[in-house]
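Asker: Sequence:
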Amino acid sequence: MKIPIRTLTYSALILALAIVVQSVKMPQYLTGPLVNALLFTASALVGPLSGVLVGLFTPLLAFSFGIMPLAPAIPVIVLGNCFLAIFYGLFAKKPILAVIVAAFAKFAVMTLSVYYLFPLLLQITFPQQVVTMLTVPQLATALAGGALALFVLKAVQWQKIKR
-10 MKIPIRTLTY
0 SALILALAIV
10 VQSVKMPQYL
20 TGPLVNALLF
30 TASALVGPLS
40 GVLVGLFTPL
50 LAFSFGIMPL
60 APAIPVIVLG
70 NCFLAIFYGL
80 FAKKPILAVI
90 VAAFAKFAVM
100 TLSVYYLFPL
110 LLQITFPQQV
120 VTMLTVPQLA
130 TALAGGALAL
140 FVLKAVQWQK
150 IKR
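Under our numbering, the residues of the sequence shown are numbered -10 to 152, in order.
Check before you lean on any hint, since a few could be wrong.
When the alpha-carbon atoms are kept at most 27 Å apart in a straight line, the in silico BS3-like pairs for lysine-lysine are as follows [said to hold, decoys possible]:
(1) K143 with K82
(2) K83 with K143
(3) K82 with K14
Between beta-carbon pairs, the in silico distance windows are [as the list claims (entries may be wrong)]:
(4) F140 with F80: 29 to 37 Å
(5) L110 with F140: 35 to 43 Å
(6) A1 with F140: 18 to 26 Å
(7) I8 with K143: 42 to 50 Å
To be clear, the hints were calculated from the coordinates, so they are not data collected in a lab.
Note that CB positions come from ideal geometry on N, CA and C, so glycine has one too.
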């Protein structure tokens, strides 16, 4: 699959913003919504592939910056990020609905992964603290990030109209 240069370039710029956000070492309740906002923004402005590309790297960054301490959780978060980007793309014509559906898709896939997929297929059992971290808080940070992204996207749209 050949990825267009424009998609790679914009995805790299958005990933650079994610690096800045994660390197500042803010609490998870601030970092999570900001990173999710970047995933939504990438999906909305560039396309779902951009959201997927950015979403592949943000968990690795979170691990390397010490935000997310458990390496086996990385694939769970990658999967959740990919679902968020893809489902936002599927419903993008209705942005508010897209955010809600994408956030719940991320929550659902991550919850199913930590409770069933990884324990049954890979024999990986997560500690309860990690299970808690990878379920309901992910829904909250995805919804908050989506709301922030909608605000940013509206501002970008307003600037285009103003010119």
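Asker: Going through the earlier hints one by one, which of them does the structure break, listed in rising order?
Answerer: 3, 4 and 7
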